[in-house]
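Undergrad: Take a look at the letters that make up each chain.
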Amino acid sequence: MKNYFLILFFLIPGWQISIHGQAVHGIVSEFNDSQEPVPLPFVNIYWSGTQHGTVTDENGEFTISRHGNEDQPLVFSFVGYANDTLLVKAGQTEVNIVLTSGEALDEVTIAKRFGGSYISKLKPIKTEFITEAGLQKLPCCNLSESFENSATIDVGYSDAVTGAKHIKMLGLAGIYSQMMFENIPYLRGLESAFGLNYVPGPWMESIQISKGAAAVINGYGSTTGQINIEYKKPDNSDPLFVNLFANSIGRFEGNIAAAIPVNEKWSTMLLAHGSTMQNKIDRNKDGFLDIPLNRQLNFFNRWKYNPEGNVRMQFGISVMDELREGGQMEFDYERDQGGTEYYGINISTRKYQGFGKIGFLFPEKPFKSIGFQTQATWYSQESLYGMNRYDGEQLSYYANLIYQSIISNTNHIINLGTSFQYDDYQERFNNEMFNRTEIIPGIFGQYTYTYPEKFNGIAGFRADYNSVYGLLLTPRIHLRYNIDQHTALRASAGKGYRSANILAENTGVLASSRVLHFEEDFDMEKAWNYGLNITRGFPLAAGREINASVDFYRTDFQNQVVVDMDMDPGGVYFYNLDGKSYSNSFQAEVSLEPLERFDITLAYRYSDVKSTINGKLKEVPLTTRYKGLLSLSYATPFRKWAFDFTGQLNGQSRLPDTRMNPPEYQLEEFSPQYVVIHAQVSKRFKWFEIYVGGENLTDFRQENPILAPEDPFGPNFDASMVWGPLLGRRFYAGIRYTFK
Amino acid sequence: MKQFTLIFTMILLSAGAFSQGGKLDKIKIKTSSQCDMCKERIEEKLAFEKGVKTFELDLETQIATVSYKKGKTSPEKIRMAISKAGYDADDVAADPKAYSKLPACCKKPDDLDHEGH
Numbered sequence: 001m002k003n004y005f006l007i008l009f010f011l012i013p014g015w016q017i018s019i020h021g022q023a024v025h026g027i028v029s030e031f032n033d034s035q036e037p038v039p040l041p042f043v044n045i046y047w048s049g050t051q052h053g054t055v056t057d058e059n060g061e062f063t064i065s066r067h068g069n070e071d072q073p074l075v076f077s078f079v080g081y082a083n084d085t086l087l088v089k090a091g092q093t094e095v096n097i098v099l100t101s102g103e104a105l106d107e108v109t110i111a112k113r114f115g116g117s118y119i120s121k122l123k124p125i126k127t128e129f130i131t132e133a134g135l136q137k138l139p140c141c142n143l144s145e146s147f148e149n150s151a152t153i154d155v156g157y158s159d160a161v162t163g164a165k166h167i168k169m170l171g172l173a174g175i176y177s178q179m180m181f182e183n184i185p186y187l188r189g190l191e192s193a194f195g196l197n198y199v200p201g202p203w204m205e206s207i208q209i210s211k212g213a214a215a216v217i218n219g220y221g222s223t224t225g226q227i228n229i230e231y232k233k234p235d236n237s238d239p240l241f242v243n244l245f246a247n248s249i250g251r252f253e254g255n256i257a258a259a260i261p262v263n264e265k266w267s268t269m270l271l272a273h274g275s276t277m278q279n280k281i282d283r284n285k286d287g288f289l290d291i292p293l294n295r296q297l298n299f300f301n302r303w304k305y306n307p308e309g310n311v312r313m314q315f316g317i318s319v320m321d322e323l324r325e326g327g328q329m330e331f332d333y334e335r336d337q338g339g340t341e342y343y344g345i346n347i348s349t350r351k352y353q354g355f356g357k358i359g360f361l362f363p364e365k366p367f368k369s370i371g372f373q374t375q376a377t378w379y380s381q382e383s384l385y386g387m388n389r390y391d392g393e394q395l396s397y398y399a400n401l402i403y404q405s406i407i408s409n410t411n412h413i414i415n416l417g418t419s420f421q422y423d424d425y426q427e428r429f430n431n432e433m434f435n436r437t438e439i440i441p442g443i444f445g446q447y448t449y450t451y452p453e454k455f456n457g458i459a460g461f462r463a464d465y466n467s468v469y470g471l472l473l474t475p476r477i478h479l480r481y482n483i484d485q486h487t488a489l490r491a492s493a494g495k496g497y498r499s500a501n502i503l504a505e506n507t508g509v510l511a512s513s514r515v516l517h518f519e520e521d522f523d524m525e526k527a528w529n530y531g532l533n534i535t536r537g538f539p540l541a542a543g544r545e546i547n548a549s550v551d552f553y554r555t556d557f558q559n560q561v562v563v564d565m566d567m568d569p570g571g572v573y574f575y576n577l578d579g580k581s582y583s584n585s586f587q588a589e590v591s592l593e594p595l596e597r598f599d600i601t602l603a604y605r606y607s608d609v610k611s612t613i614n615g616k617l618k619e620v621p622l623t624t625r626y627k628g629l630l631s632l633s634y635a636t637p638f639r640k641w642a643f644d645f646t647g648q649l650n651g652q653s654r655l656p657d658t659r660m661n662p663p664e665y666q667l668e669e670f671s672p673q674y675v676v677i678h679a680q681v682s683k684r685f686k687w688f689e690i691y692v693g694g695e696n697l698t699d700f701r702q703e704n705p706i707l708a709p710e711d712p713f714g715p716n717f718d719a720s721m722v723w724g725p726l727l728g729r730r731f732y733a734g735i736r737y738t739f740k
Numbered sequence: 001m002k003q004f005t006l007i008f009t010m011i012l013l014s015a016g017a018f019s020q021g022g023k024l025d026k027i028k029i030k031t032s033s034q035c036d037m038c039k040e041r042i043e044e045k046l047a048f049e050k051g052v053k054t055f056e057l058d059l060e061t062q063i064a065t066v067s068y069k070k071g072k073t074s075p076e077k078i079r080m081a082i083s084k085a086g087y088d089a090d091d092v093a094a095d096p097k098a099y100s101k102l103p104a105c106c107k108k109p110d111d112l113d114h115e116g117h
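Protein sequence lines, in the order shown, are assigned to chains Y and P.
Using my numbering, the letters of the first sequence map in sequence onto residues 1 to 740.
Using my numbering, the letters of the second sequence map in sequence onto residues 1 to 117.
Hint data in this document are derived by calculation from the structure and do not stem from the laboratory.
These numbers come from a predicted model, not from an experiment.
Note that the Cβ used here is the ideal one computed from N, Cα and C, for glycine as well.
This list has only true hints and no planted wrong ones.
Here are the simulated lysine-lysine pairs, PhoX-like style, with alpha carbons at most 25 Å apart: (1) Lys77/P to Lys740/Y; (2) Lys683/Y to Lys740/Y; (3) Lys686/Y to Lys84/P; (4) Lys640/Y to Lys28/P; (5) Lys50/P to Lys640/Y; (6) Lys107/P to Lys89/Y; (7) Lys30/P to Lys97/P; (8) Lys72/P to Lys23/P; (9) Lys686/Y to Lys26/P; (10) Lys107/P to Lys233/Y; (11) Lys683/Y to Lys640/Y; (12) Lys26/P to Lys640/Y; (13) Lys740/Y to Lys84/P; (14) Lys89/Y to Lys108/P; (15) Lys495/Y to Lys580/Y; (16) Lys101/P to Lys265/Y; (17) Lys740/Y to Lys97/P; (18) Lys101/P to Lys233/Y; (19) Lys84/P to Lys28/P; (20) Lys740/Y to Lys233/Y; (21) Lys610/Y to Lys526/Y; (22) Lys107/P to Lys97/P; (23) Lys101/P to Lys740/Y; (24) Lys683/Y to Lys70/P; (25) Lys72/P to Lys686/Y; (26) Lys70/P to Lys686/Y; (27) Lys77/P to Lys30/P; (28) Lys640/Y to Lys69/P; (29) Lys50/P to Lys101/P; (30) Lys69/P to Lys50/P; (31) Lys123/Y to Lys365/Y; (32) Lys233/Y to Lys123/Y; (33) Lys107/P to Lys77/P; (34) Lys84/P to Lys30/P; (35) Lys28/P to Lys77/P.
With the Cβ distance kept under 8 Å, some of the chain Y side facing chain P (calculated, not the full set): (36) Pro637; (37) Phe638; (38) Lys686.
Extracted from the complex, chain Y is given alone in its bound form (with noise of 0.2 Å):
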């Protein structure tokens, strides 16, 4: 049958050429990496506008008939490869192409220019991208610091005491997120609890954000989406970069990224960080350091293979070590730990990472490849929290071959692959061992349909066999239908797990006096989520448009582990789920340019977050209601003077139960609704730029974000409840040095 088909396919063509009479033929070819241009099969070409097309053969030839005496657009399209539109003049009857690879490139190309964030027309998943550019407009620092612009993203302190961040995405903890570094899955397990400190800003070249449950490539793992961080690439960078910051509490950071072509095959690029803050703080007197004392280490090394021919690879290791000390101002950890005398936070952590990836495209059929991809990470963190020790430790390897390839011609696709993760948990916290060993082996396949110019759909599913958990199965769809040129309406539904480690997801309760409760078992978490999302650009003049975007996501909990503290102000409760527990999230958000190099951006969102907690459903604790967000940019010519404004408004959060504490112990049932604005200047030079900005402009703080700071030994003491800003109003100034 599918023979017939493909007979027939060809056969088309051919028939109209013979009663018609008039065609266009050509070649189209792409460059290898000699520049020298080979042919590409397969291609999709199609008079714009219509359904009448063809498909170039093996030698990249093609042949396709023509009505009408005008000159006529012809659409080139291929999976991987930036789209191509040639007006074929009338009586033109011959047409050679070269098209050039990387969707990607597209639209970072676009994107360096609108310097900044820009939400994805092409993806058929939600993706909202922040570039090198939209990073810079940001004041700091690491990538706990780069979501200030982002309504999708709320970052927050986990406590108050340890400076440890945590993100939310939908409404639901970052931990319901998969968090990638180039495909990989990155910051797992006990690294989630300080990992988002250990990826420098510097270091990134994008970002992007993806909602809803992603492609079931990378895993089991993304509930509410999925975040993925490039760093710079060897072969895509300048060859020198060094950055300096201070700023006006006396932290210090330093970055050098450099990109070295060691030969015509082979390049490399080291990413060096150091960070050190050594300056107490005790703004509200309450006798604890503000945010501990803290440096940092980070060192990165990738090196690229990329020869003529099909084969790719890359590899790269990093060492992180950082130490953070705080607690109360005269702790001093040598002559005070494991004392009631004073209370201290101190905090070791080391990791070493490796990574590997090839890539081997077939012969002839660049639509057909292999990949493999592949990391092992050790992790290790010793920590002091007042009494009480936690001590972790992690050895985790991943390996993921993924292979692809096409079903008759590039609108239909798929990916078949087999991934396997081995991860080694062993955790002490005081006396109590929890040690945990999961082996994971899965497989999956993946469909990818795409009727050019208005239908692309991927469907998906896998199988993982957790030697914890049993088989996880796990089937995820998205849809991206285009309603006309300039809407995109996007559908999403999936399913997701996550195996929860209690302790490093809830370090913030570590700084507590509150006592462990462990109830039962736990069980895999199991979530469905599913989105829908319209993004539409409408065209204004001199080129250029608003972009509007709306997105509703709803996902549900078929098994959770609750954290309850609402149950007993001493204590915290962890036991599975039994009721319902879900996150209902809208976003509506808005960009444009109404002046040339000035973007405006207008976003807001509303999330509703109940759990069934201690048998009643309750709105979930610690999480904004809602975040209005709006941002200001403007660059003279050339981008040598750049202003950047951001100002988020952001709404009340329930806080957990205090009201059987004795009453100078009890908190508001709510937070209270509070605005954080950032600005920033920036000059560039010939081969530096300075830039000087102000951030938490309105000095808005939690005053007392510490319950019981008098008492720290006693039974009140909580510093887990923090739900805005710890630090006020500060100013800071940096250089970027760029040795082209």
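On the provided structure of chain Y, position chain P as indicated by the hints.
TA: What follows is chain P alone, placed relative to chain Y:
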């Protein structure tokens, strides 16, 4: 509040710093640009060229419109800068070394047939 005013004033003052009261000349130059990458590369080259104030490029007509301060630079110098970026500028040919460094989409189709053999 005081700091807020300080920053606001800082921004306003810097806005005033580059007000251009003087007269600007404009010139149109035909280039060999072909894609968005070309526009960026020429833009980067002209950014710190003394006296150049603004730059526009129409990719369809390949014509660059540059405004500049008469005393500080001249059409010849601007053409040289575009040539140094790897592109033809009216009758000034592209600097060969810079041309060889261009990405594929920026190179002339004829040259691509001969290159690499």
